[in-house]
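Asker: Given next are the chains, with one letter for each unit.
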Amino acid sequence: MIRLEKRPQPSRAWSLATPLMAVLATMLMGGLLFAALGKPPVEAIRTIFWEPLFGEFAFYYRPQLLVKGAPLVLIAIGLSLGFRAGIWNIGAEGQYIIGALTGAGVGLAFYPMESWIIFPLMILAGAFGGWAWAMIPAVLKTRFGTNEILVSLMLVYVAEQFLASMSLGLMKNPEGFGFPGSRNLQQYDSAHNAELIAGTGMHWGVVAALIAVIFSYVLLNRHMLGYHIRLTGEAPRAARFAGVKPARLVLFCLGASGALAGLAGMFEVSGPSGQVSIDFNVGYGFTAIIVAFLGRLHPVGILLAGGLMALTYIGGDIAQGNLGLPSAAIQVFQGMLLFFLLALDMLTNFRISIGKPEVV
Amino acid sequence: MDLSAINPVLLIASLMVAATPLLLAAIGELVVEKSGVLNLGVEGMMIVGAIAGFAAAVETGSPLMGFVAAAVAGAALSLLFAGLTQLALANQVASGLALTLFGLGLSALMGQRYVGVKPPQMARVDLPLLSDLPILGRILFSHDVVLYFGIALTAAVWAVLKFTRAGLILRAVGENHEAAHALGYKVVKIRTLAILFGGACAGLGGAYISLIRVPQWTEGMTAGIGWIALALVVFASWKPWRALLGAYLFGGVTVVQLNLQAAGVAIPVEYLAMSPYLITILVLVILSADKSSAPASLGRSFHASR
Amino acid sequence: MKLTKLLTGAAVALGLAAGGALAQDKTKVGFVYVGPVGDGGWTYEHDQARKAVVEEFGDKVETVYVENVAEGPDAERVITQMALQGADLIFTTSFGYMDPTINVAKKFPDVKFEHATGYKRAENVSTYSARFYEGRAVQGTIAGHMTESNIVGYIGSYPIPEVIRGINSAYIHAKKVNPDVEFKIVWAFTWFDPAKEADAAKVLIEQGADVILQHTDSTAPQAAAQAAGNVVTFGQASDMAEYAPFPRVSSIIDDWAPYYIARTKAVMDGTWSSVDTWDGIGPGMVGIGEISDAVPAEVKAEALALKDAMASGEYHPFTGPLKKQDGSDFLAEGETADDGTLAGMNFYVEGIEGSIPE
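In order, the protein sequences belong to chains C, S and U.
Its first residue numbered 1, the first sequence is counted upward by one per residue in our numbering.
Its first residue numbered 1, the second sequence is counted upward by one per residue in our numbering.
Its first residue numbered 1, the third sequence is counted upward by one per residue in our numbering.
It should be emphasised that the hints constitute simulated quantities derived from the structure, not laboratory data.
Owing to the predicted nature of the structure, the values given are computational and were not obtained by experimental measurement.
Be aware that one or more of the hints could be misleading.
[Stated by the list, open to error] Here are the simulated lysine to any residue pairs, SDA-like style, with alpha carbons at most 20 Å apart:
(1) Lys28(U) with Lys172(C)
(2) Lys106(U) with Asn184(C)
(3) Lys172(C) with Thr341(U)
(4) Lys106(U) with Asp189(C)
Extracted from the complex, chain C is given alone in its bound form (with noise of 0.2 Å):
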């Protein structure tokens, strides 16, 4: 009989061998799907993995994984925190969108005036606008025990709307011959964020998605509040016990994802998108639920995974153009990853045994 038997410490070495051992079963997959579909099965894996990485054009690709992964990597952080003291915010998009519209919205503001101080009030403007709207399932949480889970689900689609509504009305671009969508923030000097040093895909917004990482390293493992957060996840009467204050905890929690949901969003709208647009959205905000969990919701797994999403998102581009595969392919095979990941992460924590149980 084979059982699973919880092992009293998540293993190391499997907690480094399941992420290999996903990787390759899903390369084993895809490429069966590919060549299903009639395509040459190995070149399309080396295309997705490979090219963006170490092909001829990775002096581009290399710089565009860097622009693809940081807003994952930079909310995935955030959601970790909560996600790890047991507090599920995924409405990261909603906060997400709201940190853009915020932040874009103090730049069109001063437009066209043109000063050192617009970039820095943009950036506190779309981190109080992620953490704002990240603050309705919090105080509604800690003050009626409401499900944060859905409400800030909810708020995602009440913030899609808001989006769709300045983009049509108070945010339109005055220039724009009545299309929907806003003036391009890369053409307003100082609200642009652009490339530090050109050519290497480095903007804001990876500087704060690697200063993040660093942080939320340093919070889990050198400071009180972080080893109350991790507390509250696995043992929360300890935690009370040891005089967590379960509300606080809440307020910071999903105080902090949103922020940098926000942050995510501003960055994203001043920089790489330019302008908010109807569709400016493309599900980073549910793409990073994810990535944190891929990452094992540890700092640097969370860097990782960020890094792989991106990877496969690219090189997923790559292989649609070079090799005709069509996107419906891409979405299969990157749903096939996480499968893989997710089910043997359980080799982590468990351990199969067959036979019988022992006695203890």
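With chain C's structure known, arrange chains S and U on it following the hints.
Answerer: Same frame as chain C, now just chains S and U:
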């Protein structure tokens, strides 16, 4: 502005059609959540149901076969979720999101040959006499059979949850899986069955869109209805009849909004579109006073440590 | 900038390396799509045109496409990717690709770009769009004759000039043949959501409309009309012939093929130059799908005559005297609207009720 142009009888009738896919998916998810599992993959299961049902209906020429296939396909996809969350004990939120991503891709691959194809038509149930009744006849007695099935399913789920032993066990598992396990119930097996039921219902809801409400196949055609179904379950505070009411309300907002527009009433469309979600949040807040409504084990993994 | 040089260098190097013998006789054309090729509407028609290019030139061209590309940084990356991989000509087929296209074009001066429906051009960036409002004039004429309830329903997507222009054009011509006609307009606030489009069509039908015009891409309204039984519709973006001869009595077809073939040819011949193309029925960019027998012969003849008059350029759908909705003057007797006015049109003409949502 000409409000008299709005025909309330027709409005209610078409509102019922708009609400049906929502209702089917939501009833399924309600049962899943009652068992203590949160499956965010409803959108993915719906769209796979939409194409599986469409393809089966086109190939066999029978819409009913389409619905059967859709339920099977939705359940099959949900089996993946069950495996991940019940056997491999993966996080439910992440697994559900992965399921949606996978389902959207898979459906597009399955549907490549079916773009621009017309499905066989589903006949309306025509009840002589009843269908000819003034007003009530149009509202109540001239729909397709799946719409009635949705309402019957609501009643069935309500009765099972409330009056039967199976319902009691399901709720027990959702409230406190450790206690249920201690009493000797097979938590994993019960939850897996609930997940399969949820998948089948979501598949039916998807097929209702591709076979009756629209009817056609295009990639991504569920356009977020699965997510609204998730909101609906919460709105309904896990009670079947409230889910029915909520489906009419959620479906109704769109229909009423379009009706007002057509009648020439200037309304801020985006703000009206937000309203169901804001109402849901409000309902959530009110409900939080009553701690008994949400299944206590919702979203938590269960592993029998013994 | 360093990257610019690097990229240009790479592009040049690639052109040189491959240019010797092979690439000269094989022109590589890239297409960037906003939706899936299976959407049955906007993207589907662009992909049909891509296939027409392959058909036309056979071994002399190689086409590549990437679908479901989000507007913004993803688009910029995909366009760059195509340019890096040696595309000679790249069609970017959504309004939201405007700034990304311009950005990439700056880095690849030797690659030609074609951006659909935008207004920003450069040395190596052309823009192209179709005068769909000409097709709307034909639809309006048929609609005005066909309606018995005198109520025409119109499903708009977003309140942008492109859509408003279509509404105005259809209304002007429906009114011309039927002074009692009235338009009921609903905004779906989506380009593509079949369920919502179906609802919109049903609502309009319930409120008495017996002709439905749509500016959204799915066939859902057609099916709704068919179920209702006595409602006339028109195909949008693609012919939607599966609903002919009734309810679909005609259609506006986005026919990008002639343009794509001509532009590819121009690149092959080395005659490509940056232009702003806004073509209508005449050059074939706007196709009028076959008018079915459900339309009386004399109405059909009238509609076809109008189509020919627009094709030859002797008639402009926006010809004065016309007033705006608020009663102020729009066009004087015999005056026609210039392209600038049309491009930014943000008002209804006189007679349409209701206001454009903000």
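Asker: Tell me, which hint numbers fail for this structure?
Answerer: Going through the list in order, the structure violates hint 1 alone and respects the others.
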